[in-house]
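Add chain B to chain A, keeping to what the hints say.
For the record, the sequence lines run as chains A and B. Those letters in the first sequence? Residues 1 to 330, by my numbering. Those letters in the second sequence? Residues 1 to 263, by my numbering.
These are computed hints drawn from the structure, not numbers from a lab. As the structure is a computational prediction, the values presented were derived from the model and not from experiment. Cβ coordinates follow ideal geometry from the N, Cα and C atoms, glycine included. Be careful, since some hints might not be right.
As the list claims (entries may be wrong) - Calculated cross-link-like contacts (lysine to any residue; reagent style SDA-like; alpha-carbon spacing at most 20 Å):
1. Lys-66/B x Thr-195/A
2. Lys-60/B x Ile-194/A
3. Lys-66/B x Gln-93/A
4. Lys-60/B x Gly-205/A
5. Lys-66/B x Thr-202/A
6. Lys-60/B x Thr-195/A
7. Lys-148/A x Gln-253/A
8. Lys-66/B x Phe-90/A
9. Lys-231/B x Glu-34/B
10. Lys-60/B x Asp-199/A
11. Lys-60/B x Gln-291/A
12. Lys-66/B x Ser-207/A
13. Lys-60/B x Thr-202/A
14. Lys-66/B x Gln-291/A
15. Lys-66/B x Asp-82/A
16. Lys-60/B x Asp-295/A
17. Lys-66/B x Gly-205/A
18. Lys-60/B x Ser-207/A
19. Lys-66/B x Asp-199/A
20. Lys-66/B x Ile-194/A
What the hints assert, rightly or not - Simulated coverage check for chain B against chain A, where a stretch passes if three residues somewhere in it have a Cβ under 8 Å from a Cβ of chain A:
21. 63-70
22. 93-101
23. 104-110
Listed below, chain by chain, are the residues.
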Amino acid sequence: MRELGFEAGALGAWDSSLLIFLLQARDHCEAGGLRFDTGGLPDPVTRLLELARAVPDRAVVPDPAHASRVERLGAAGLSTWDAAMDAVTFTGQVTDSVIRLLLRRTRMRWREFWVVVQSNSSGALGIVTLIALLMGVIIAFLGVVVLKRFGAGYYVSYLVGYGMLREMGALMTGIIMAGRTGAAFAAELGSMKITEEIDAYTTLGVSPVDHLVMPRLLGLFVMMPLLVIYADVVGIAGGMMVAVTLLDLTSTQFIGGLLSAVTLSDALLGVFKASIFGVIIGLSGCMKGMQTGSDAGAVGRSATNAVVMGITLIILANAVVDWLAALLQI
Amino acid sequence: MTHAVPDAPAALAVPAVEVRNLTMRYDSLLIMEELSFSVARGEVFVIMGGSGSGKSTLLKHLIGLKQPAEGEIFFDGADFGGADDAARRAIMPRMGVLYQNGALWSGLTLAENVALPLTEFTALEVGAIDEVVALKLGLVGLRGFEGFYPSAISGGMRKRAALARAIALDPDVLYFDEPSSGLDPISASRLDDLILELKASFGTTIVVVTHDLESIFRIADRALFLDITTKTMTALGSPAALREDPPNEQVHRFLTRSSEGQP
Numbered sequence: 001m002r003e004l005g006f007e008a009g010a011l012g013a014w015d016s017s018l019l020i021f022l023l024q025a026r027d028h029c030e031a032g033g034l035r036f037d038t039g040g041l042p043d044p045v046t047r048l049l050e051l052a053r054a055v056p057d058r059a060v061v062p063d064p065a066h067a068s069r070v071e072r073l074g075a076a077g078l079s080t081w082d083a084a085m086d087a088v089t090f091t092g093q094v095t096d097s098v099i100r101l102l103l104r105r106t107r108m109r110w111r112e113f114w115v116v117v118q119s120n121s122s123g124a125l126g127i128v129t130l131i132a133l134l135m136g137v138i139i140a141f142l143g144v145v146v147l148k149r150f151g152a153g154y155y156v157s158y159l160v161g162y163g164m165l166r167e168m169g170a171l172m173t174g175i176i177m178a179g180r181t182g183a184a185f186a187a188e189l190g191s192m193k194i195t196e197e198i199d200a201y202t203t204l205g206v207s208p209v210d211h212l213v214m215p216r217l218l219g220l221f222v223m224m225p226l227l228v229i230y231a232d233v234v235g236i237a238g239g240m241m242v243a244v245t246l247l248d249l250t251s252t253q254f255i256g257g258l259l260s261a262v263t264l265s266d267a268l269l270g271v272f273k274a275s276i277f278g279v280i281i282g283l284s285g286c287m288k289g290m291q292t293g294s295d296a297g298a299v300g301r302s303a304t305n306a307v308v309m310g311i312t313l314i315i316l317a318n319a320v321v322d323w324l325a326a327l328l329q330i
Numbered sequence: 001m002t003h004a005v006p007d008a009p010a011a012l013a014v015p016a017v018e019v020r021n022l023t024m025r026y027d028s029l030l031i032m033e034e035l036s037f038s039v040a041r042g043e044v045f046v047i048m049g050g051s052g053s054g055k056s057t058l059l060k061h062l063i064g065l066k067q068p069a070e071g072e073i074f075f076d077g078a079d080f081g082g083a084d085d086a087a088r089r090a091i092m093p094r095m096g097v098l099y100q101n102g103a104l105w106s107g108l109t110l111a112e113n114v115a116l117p118l119t120e121f122t123a124l125e126v127g128a129i130d131e132v133v134a135l136k137l138g139l140v141g142l143r144g145f146e147g148f149y150p151s152a153i154s155g156g157m158r159k160r161a162a163l164a165r166a167i168a169l170d171p172d173v174l175y176f177d178e179p180s181s182g183l184d185p186i187s188a189s190r191l192d193d194l195i196l197e198l199k200a201s202f203g204t205t206i207v208v209v210t211h212d213l214e215s216i217f218r219i220a221d222r223a224l225f226l227d228i229t230t231k232t233m234t235a236l237g238s239p240a241a242l243r244e245d246p247p248n249e250q251v252h253r254f255l256t257r258s259s260e261g262q263p
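Next up, chain B with everything else stripped away, as it sits in the complex:
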């Protein structure tokens, strides 16, 4: 996949990801309704909210693991949420996903994990694939770990290896599910560095689901707040601006990490 070259203004006008009037349900249980937002190319967009607010469910909709109950999801201007299987599968290689626990394929070595997307979607020779794998593992600081199985490395390394796999095809959009969960502060901060580096170097659009405040203020260009009490989004903007001028009490309490008013 080639990443977008920001030269044509017309292309810039099409958001990388757009959500219109999305309603999410588990069977008949309403999770969130009336979500509308768009993610601009090359920005770091954070989906934040309390535990159980539907952040991960929203991510599952964005990466195609769940279909919207109502509303639409567009990927680079093309219908994604309502597309049939074949159309969705054609779009999926253009996005990379870093799952909460990495989700590396346990039967494959790190090199094979990173190589699998390349063998599936490119016509590269074995030698060229090895070079790409070495580069991607090198970018996340895992050069030399090619032959290791996921079970033999630490949680932080697994996450970085999974990131190498997610960027194997140079995706247009990268999704992160709770990147800092389960990581020590140093590893979490290194992952934030990597996110910023990917944005700066490759111009990758990055969507992050997290409730880690430190990370939000460090990496996010804009953030969306899912409010569990109203079952819809109640804030959208830069995290610093939202903290200065919170649109409601829930956002204020979330961004200032306060439990005031809570019983």
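So that you can see chain A by itself, here it is in the shape it has in the complex:
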């Protein structure tokens, strides 16, 4: 056999499957050294076959060869270094902005600030109430089970008080706000990056950090301590409910026990942590938002990264503050 030809005189309707069949047939012919005669095919089919084989007007850039393990390690190292430098640069820009704000060289954008305050107060109360209440309940359950064995059920108020004020109030509120507000910051700023709104600030010669980051950061910095104080109160109330229900305690005894053990510095430690967590959430959310790429999935990735980074740093910061508090015997 030397040639493959077609007789398509009786061909009625046809679609892309015919073209795919013909292209495969042509490939086989070329591989086997046969002549592929398109003479018997309808003209439109011949033209489409030619188009399908046309050389693109721009050369396809081949993917770089498979990188070796050392190269991949190096690339990963470099990208980690770049990410760290980006974080340092962004923190520097924000610090610069804070200093200019304090020196009154730039104005605070109060409207955006109040929007953030609103969304982190009334807007967040529902979820914070629920989680804080359950947290207090869980700590109290734990206390009831463990302390009752030693006949020390009375001290459950210590556990609830210390647990909520020093640790869980701030930590749980921080994690909730990282998921809620940190992700929202990243998504808002990410969308603005894609629609070139951030570029529009830059090319006007004004700092997008002043306009977009500062109000969000300060709003969260102000609201986080207040939210944590609220969460502490709700959590202790939840713990008291459990203690009063399961133990032979009155609410007066519970509160009396709590007040005799817990000091103001315990509460202030939690509030101090809350301020730090507020800065962490604001910075990671805004930074990931401002670094958003340009494709459709970029905003989602930024929001996810902001939450992961926020929660990781919150837990890390919590451990560092606890360690310092232990050193300083607070």
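Just chain B now, kept in the frame of chain A:
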């Protein structure tokens, strides 16, 4: 900002924008190299080229969003491409940019969008700012839309509102990124009218990135062609002259909208 008064010949000799031996890269990928041109004061200068040829990248360099890999960019005689942040920020209010999709600040009303450059860079009282805002929105045919948010108006209106914002400070140079993209023919033609009006009335220097042929022939005094195959500029001149006497096949095909010779 006051626009240039063309009375001193010495000032006229300094181009509004000048690019010398510019090379543009994305990381290590070469986009364009050896670009040299200058934009005279008061002219409409079009940067044209096929999709992916680096037109928008060149615009990003001209408006300071990207730094040159090599070469220099001057704005009104002052170094812009290699300037530090503070120097660049001092120059930026003297130029206005109309982004492809307007890029209006979505959290602000149209009036607040136009007012923001004025509150940042002028000492005008609130009442005076309101008057300027009303004037600029009136110039683009949006008087009465002051209180609208960008999401509540059409794409064409957004672009015109963004133009009002770009001319808020009476810039020396106005940059347009694909002004006719996404617009119906009537809106696109109205935007071309506005460009010509700004040039005639204010003497504004205008740099337009586009591949819209109709627009190019209507508004451009001179045009620059970026050729993706050679990765450099291959033509510079008035569009009509380039069509009559194209320096190469790519320019001929682009300006006559022909795909001859293409597979």
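Straight-line alpha-carbon gap Lys-60/B to Thr-202/A, limit 20 Å: This hinted pair holds, its Cα atoms lying about 11 Å apart.
Pairwise hint evaluation, Gln-291/A against Lys-66/B, where the allowed Cα distance is 20 Å at most: holds (15 Å)
Measure nothing beyond the straight line between the CA atoms of Lys-66/B and Asp-199/A; if it is 20 Å or shorter, mark the hint as holding. holds (11 Å)
Within a Cα-Cα threshold of 20 Å, do Lys-66/B and Phe-90/A meet the stated pairing? Answer holds: Lys-66/B to Phe-90/A is near 18 Å, not above 20 Å.
Satisfaction of hint between Gln-291/A and Lys-60/B, Cα-Cα up to 20 Å: holds (17 Å)
Agreement of Lys-66/B and Gly-205/A with the hint, judged by alpha carbon distance not exceeding 20 Å: With Cα atoms ~14 Å apart, Lys-66/B and Gly-205/A stay inside 20 Å; holds.
Are Lys-60/B and Ile-194/A close enough, with their CA atoms no more than 20 Å apart? Holds, because 15 Å separates the two Cα atoms, which is no more than 20 Å.
Given the hint that Lys-148/A pairs with Gln-253/A, test it: the Cα-Cα distance must not exceed 20 Å. Status holds; Cα separation ~16 Å.
For Lys-66/B and Thr-202/A, compute the direct alpha-carbon distance and say whether it is at most 20 Å. holds (11 Å)
Holds or violated: Lys-66/B to Ile-194/A, with C-alpha atoms at most 20 Å apart: holds (16 Å)
For Lys-66/B and Gln-93/A, compute the direct alpha-carbon distance and say whether it is at most 20 Å. holds (18 Å)
Run the distance test for Lys-66/B versus Ser-207/A: straight-line Cα separation, threshold 20 Å. holds (16 Å)
In the structure shown, no violation is registered for any of the earlier numbered hints.
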